[in-house]
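Student: Please arrange chain V on chain D, whose structure you already have, making use of the hints.
Chains as they are written, first to last, in this note's numbering: chain D, 1 to 111; chain V, 1001 to 1902.
Don't read these hints as lab results, they were simulated from the structure.
Among the hints, erroneous ones may be present.
[Said to hold, decoys possible] Subject to a maximum C-alpha distance of 25 Å in a straight line, what follows is the list of computed DMTMM-like cross-link-like pairs (lysine to aspartate or glutamate):
#1 D:77 to V:1050
#2 D:77 to V:1026
#3 V:1772 to V:1109
#4 V:1700 to V:1675
#5 D:44 to V:1026
#6 D:44 to V:1033
#7 D:77 to V:1038
#8 D:77 to V:1675
#9 D:77 to V:1023
#10 D:77 to V:1039
#11 D:44 to V:1039
#12 V:1744 to V:1172
#13 D:77 to V:1058
#14 V:1772 to V:1038
#15 D:44 to V:1038
#16 D:77 to V:1021
#17 D:44 to V:1050
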Amino acid sequence: MEEKNTDVIQGTLDLLILKTLSLAPLHGFGIARRVEQVSRGVFKVNPGSLLVALQRLERAGWLDAEWRQTENARRAKFYTLTKAGKKQLEVETEDWTRRAGAVMRLLKAEG
Amino acid sequence: MSLWRHVSRGLRVLTHRRATDQDIADEVQHYLDQMAPEDRSAARATMAREHVRSYGWENAIDQVLVDTRYAARRLLASPGFTTVCALTLAVGIGTSTAIFSAVYPILFEPLPYPDAGRILMISDRGAGGSRVDVTFGTYAELGARSRSFSALAVVEPWQPTLTSRAEPERLDGQRVSASYFRTLGITPRLGRDFDAADDRPHGPNVVLVSNALWQKDASILGKQITLDGDRYTVIGVMPAGFDNVVSPSAQVWSLLQYESSAPFFRDAGSHYTREWGHHLAMIGRLRSGVTLDAARREIDDLARIPTPEFVRPSWASLADGLTVHALQDDVTSGVRPALLAILGAVLLVLTIACVNVTNLLLARGVQRRGEFAMRAALGAGRARIIGQLVTESLLLALLGGILGLGLAAIATRTLVALSPPELPRVDAIGINGSVFLYAFGVTTVCGLLVGLVPALQNTANLRQRQPGQQREQREQREQREQREQREQHEQREQREQRQQRQQAQQPQQRHQRHQRHHSIRKALVVTEVALSLVLLVGAGLLLRSLRSLFGVPPGFNPSHVLTMQVQDAQSRYAFFTRALDAVRRVPGVTSAGYTSQLPLSGRVDGYGAHMESNTRTDESGDFSALRYTASPGYVETMGIALRRGRLLDEHDIAGQPHAILVSESFAKRNLAGQDPLGQRLRFGPDTVWSTIVGVVGDVKQQSLDGDETDAVYNTTSQWVWVDVKQSFVVHTQGGPAALAPAVKAAIWSVDKDVPIVQIATMNDLVSRSEAKRQFALTVFEAFGLAALALAAIGLYGVLSGGVTERLREIGLRSALGASPSDIVTLIIRQGMTLATLGIALGLFGAIVASRAIASLLFGISSLDPTTYVGVIAVLLGVSGLACWLPAMRASGVAPLIALRTP
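Here chain D stands alone, though its shape is the one from the complex (with noise of 0.2 Å):
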């Protein structure tokens, strides 16, 4: 099984978070495990990694943490995407959408 689970590839984790945000504030684990759901596996999130990144991006300004009940009555940390946030996404998404359709037609032109 583990063999199957790739790592979230370098630099696709804040992307990751930001867009998965961008949907409704969530906390850690809620995002990793949106991740995981959305991209059926593909993408294995790990704690360490996934908290770090969350701290730099708030400590950028795109997010903000705030503590909150959740719905089984239990307090997490809930993250939400501030204007600054949208703003970056929509960076990212532009610059990950270049990237990828680059590689992509260097696949095909290959093939």
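Tutor: Relative to chain D, chain V alone:
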């Protein structure tokens, strides 16, 4: 916004470490609680927590704080070691800071005027390129013709007597053209600057005063004061920080009010006027956009090409051109070589101090190898241990730096007290911002340097896990946690195997390590010895120069001679004559006289004159000589030798044929092969001829190493004027200083309003004339001794450490039959090899360095064999002593040690 978040979040972590840690722990816990049970583990939680915790700039600071606390504990744990290191560094940092505080404002800092680099000093060029004061005529011509300057000013010394107070007081001052302060770029802090309209003959009597003078009497502004019997109105006060580099002791300034047409001599009929006397210093401020070179070229052209409007006499023809220097160069050029030599010396001391502490830290590092190995085994990377060690040395340096600043504060005051009179800008010497910055910089560099070598050396070959890489790879590793643990287990096994193998090799390896470690320490000791040799050779050369200087016959007999300068603003011949009579009647006085200039007093009064016939090839017959216009009895009182003819006496008075004495060198230079007696010379084309009646020995006027001794002597009543200032010389039976009050009283019995200054014995003047060299020598001696002590301590430390490490070997040697004397020889030979190597290297350094102080040497070559041999002997002796102590200890090692030491 994001910067703000970075700072505020980081600060919150630093100030609320526990709360933020809890925050992280809660978040990680919440995360793990929701994971599948098989994915959870305590290790995973810890790793994630650590990972999150390690994010942020604040962790770097945190680490520094932790390191600093640990370093402080380590230093406190060995107070003796810490004290020795800190004191050694304090000596290095303190002395170099003190010297820097003196050298920086003089040599490197711009003068304290706006745009000071644009202020130039312009001098006439005399024979041999020497700088000569300019004439007012030249100033007037340049002012009219030159386009390079936005302001030009001339200034001459002025020493008026202030008589409005209870006692007559002689002030130092300057007579300046109205543009003087404007040229410097300084305005009075109170009142007003001079008005150009007032700078005319018979203009209003106005003065500016220094802040110090104003502070003595704050009501002085706007009032009148009496200077030399004339009333002057105080129109302004200069700022407190005004540093008048042209004449630092000046307290009053008045206008030159130059009367160009006043006769040069008071004799009627002379058509040469005062404006052609070389007695003014000229400064100029460059117009913006004009470079120094351009100004030089323009001034040169002006000098070479006269115009009809500006007629020049032959002695101010500017035929040799004018010299233009930055004012700063002009002010500092005299002391520059001495200061640079001292700066070099102090850097050597600093280096030796650093080398010594490096050596101590190296030795200590050996004792701490166990500690490093332990920390490495616990996962500290080499970089981390080096960081820790450098933090320790930085803390040590900081301690030394703080002590050093205290030392510098004391040393700076001592330096100022010892400083030779020609040292400019003494007021600027002190601990200030730039000095503080220097001390801080030096401290940091020292801390890094002394820490880095031992840290690198002592952490080499540490067997460790590689945690630096561990951290980088943590993400991946976390993924493969299980596998990693398995691997780690294997690694551990491998490591254990490796260790077992290594333990088998260990003795050999340890030996190699010690070998290398020791060779570094030896190299450092060799360096120390070499550097101290350089310093000691410098000190030795200066000492021998001073000895040979004081061995130079000054041309007079300084013992039992008291001197003082008496000033009579009205230049009354009768007063000086009566005062001299009064002095001669004082009990204990055997003879007395006075002169217009006193040898080695700092004044040099040269004079242009003309020979009736002379043997020199240049046809002009003009020459310059020192002029001593003196009372009869002056030459006798000073003990100046009469070589031929007769001395001047009471019959050589006005109305009699003018008689004159010349010095031996004068006669030789200007009248070679002729009998000087009976030859005639005169000063200026229209004056009376004087006949040479005697030849006297040469006298050093400017300094003992000077050779300008061409001189003429005549009597006051046969000279064209009576000098305002006369130096009385009094030969006494007993100690000359004791008679000063009686002599002063005798002069004041004739006129109580004349100031008497510069009271000194002739012996004082002789030793003071070499103050600059004496100063350099004192500093070099102090530094040389410090260097010698440090080198000896270093040598002792290395040998004594070597003995401790070689106890087993030494024990074995004595067990195998080596006698105590064999062992003493062994250790001493080892130490002396190092010392000899250091001396050999130092010789090269000393040969190069002594060339740098060549201008301070006198009478000996910079390769003076006596100095070198003496210094080498001293170094060998001290090194021998430093070797002897560890050698004695080694000879006492019992053979049994060989068995007991593992």
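Student: For every hint, state whether the structure bears it out.
Tutor: Outcome of the hint check:
A threshold of 25 Å between alpha carbons decides the hint, and for residue 77 of chain D with residue 1050 of chain V the separation of about 18 Å falls inside it, so the pair holds. Between residue 77 of chain D and residue 1026 of chain V the CA atoms are separated by roughly 9 Å; this keeps the pair inside 25 Å, and the hint holds. Taking the CA atoms of residue 1772 of chain V and residue 1109 of chain V, the gap is near 21 Å; set against the 25 Å cutoff, the hint holds. For the hint pairing residue 1700 of chain V with residue 1675 of chain V, the CA-to-CA distance comes to about 24 Å; that is within 25 Å, so the pair holds.
For the proposed pair residue 44 of chain D and residue 1026 of chain V, the alpha carbon gap of about 22 Å is at most 25 Å, so the pair holds. A distance of roughly 17 Å separates the Cα atoms of residue 44 of chain D and residue 1033 of chain V; the hinted pair therefore holds under the 25 Å criterion. Proximity of residue 77 of chain D to residue 1038 of chain V is assessed by CA-CA distance (about 24 Å); at most 25 Å being required, the pair is judged to hold. Pair hint residue 77 of chain D plus residue 1675 of chain V does not hold up; C-alpha atoms about 114 Å apart against a cutoff of 25 Å.
With a C-alpha separation of about 9 Å, the suggested pair residue 77 of chain D and residue 1023 of chain V falls inside the 25 Å cut-off, and the hint holds. Pair hint residue 77 of chain D plus residue 1039 of chain V holds up; C-alpha atoms about 21 Å apart against a cutoff of 25 Å. A hinted pair counts as satisfied when its Cα atoms are at most 25 Å apart, and residue 44 of chain D with residue 1039 of chain V qualifies at roughly 12 Å. The hinted pair formed by residue 1744 of chain V and residue 1172 of chain V meets the criterion: a straight-line CA distance of about 21 Å does not exceed 25 Å.
For the proposed pair residue 77 of chain D and residue 1058 of chain V, the alpha carbon gap of about 22 Å is at most 25 Å, so the pair holds. A distance of roughly 86 Å separates the Cα atoms of residue 1772 of chain V and residue 1038 of chain V; the hinted pair therefore is violated under the 25 Å criterion. Taken as a hint, the residue 44 of chain D and residue 1038 of chain V pair is honoured in the structure, with Cα atoms around 15 Å apart against an allowance of 25 Å. For a cut-off of 25 Å, the pair hint linking residue 77 of chain D to residue 1021 of chain V stands: about 14 Å separates their Cα positions.
At most 25 Å may separate the alpha-carbon atoms for a hinted pair to count; residue 44 of chain D and residue 1050 of chain V meet this at roughly 20 Å.
The earlier numbered hints that this structure contradicts are 8, 14.
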